[in-house]
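Engineer: Mind docking chain U on chain D? Use the hints.
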Amino acid sequence: GQQVMQIPQYQHVQEGEDFTTYCNSSTTLSNIQWYKQRPGGHPVFLIQLVKSGEVKKQKRLTFQFGEAKKNSSLHITATQTTDVGTYFCASDGKLTFGQGTILTVHP
Amino acid sequence: DSGVTQTPKHLITATGQRVTLRCSPRSGDLSVYWYQQSLDQGLQFLIQYYNGEERAKGNILERFSAQQFPDLHSELNLSSLELGDSALYFCASSALASRETQYFGPGTRLLVL
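Protein sequences, first through last, are from chains D and U. In case it helps, the working numbering puts the first sequence at residues 1 to 107. In case it helps, the working numbering puts the second sequence at residues 1001 to 1113.
Extracted from the complex, chain D is given alone in its bound form:
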């Protein structure tokens, strides 16, 4: 079945540093969604990318969808303690979620 691999599994950064998580698929994705789950919380939808090469920004967050629609990335500029949580990518086809990247930010 369709699998979405996400790396890294963990990322520890100092406040102010940048952070990137990557999502890779062996098959072409129709679209990709990104979610954030705060510790003890539930996943919250961040964005959906549909077009090849698409780039979308939300304040300090930049989302990219690869040209081949097989990979995606989420980049956070100048992390803050409020960015702490697990970031998931999800493919639409089979509602497959990546394992998530757990981000911790040290003040």
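Everything labelled a hint here was simulated from the structure, so no lab data went into it. Idealized CB from N, CA, C, for every residue including glycine. Nothing false has been slipped in among the hints.
Only pairs whose alpha carbons sit at most 27 Å apart, straight line, appear in this in silico DSSO-like list of lysine-lysine:
{"id": "1", "chain 1": "D", "residue 1": "Lys36", "chain 2": "U", "residue 2": "Lys1057"}
{"id": "2", "chain 1": "D", "residue 1": "Lys36", "chain 2": "U", "residue 2": "Lys1009"}
{"id": "3", "chain 1": "D", "residue 1": "Lys70", "chain 2": "U", "residue 2": "Lys1057"}
Far from chain U, some chain D residues (derived; all Cβ distances over 12 Å):
{"id": "4", "residue": "Val13"}
{"id": "5", "residue": "Gln14"}
{"id": "6", "residue": "Gly16"}
{"id": "7", "residue": "Glu17"}
{"id": "8", "residue": "Ser26"}
{"id": "9", "residue": "Thr28"}
{"id": "10", "residue": "Lys51"}
{"id": "11", "residue": "Ser52"}
{"id": "12", "residue": "Glu54"}
{"id": "13", "residue": "Val55"}
{"id": "14", "residue": "Arg60"}
{"id": "15", "residue": "Thr62"}
{"id": "16", "residue": "Asn71"}
{"id": "17", "residue": "Ser73"}
{"id": "18", "residue": "Thr104"}
A short list of chain D residues far from chain U (calculated; beta carbon distances all over 10 Å):
{"id": "19", "residue": "His75"}
{"id": "20", "residue": "Ala78"}
{"id": "21", "residue": "His106"}
Structural biologist: The following block gives chain U in isolation, referenced to the frame of chain D:
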């Protein structure tokens, strides 16, 4: 607050037992999804219902079943529970069947002893 409600919030039960988890989607949403989240398995899609009908099936065990009622609320039934079924169970809803933006409920934490 996503508008999706789940009950109960916590559930403790014993192996071999059966439990029912309940979910009410956001007002107007026709699709309901069930997910299992455990420490070692991440977020696993179980099943989707759209307007009362099963729409998609994921990694749902035969011991588990679900349904969506005419008022669009959904129930996930877990039977012959095993220790490994201990997990967070999330329900999510979306407006249509095409799995666009999903809104997650707060989850039900199940502990099987």
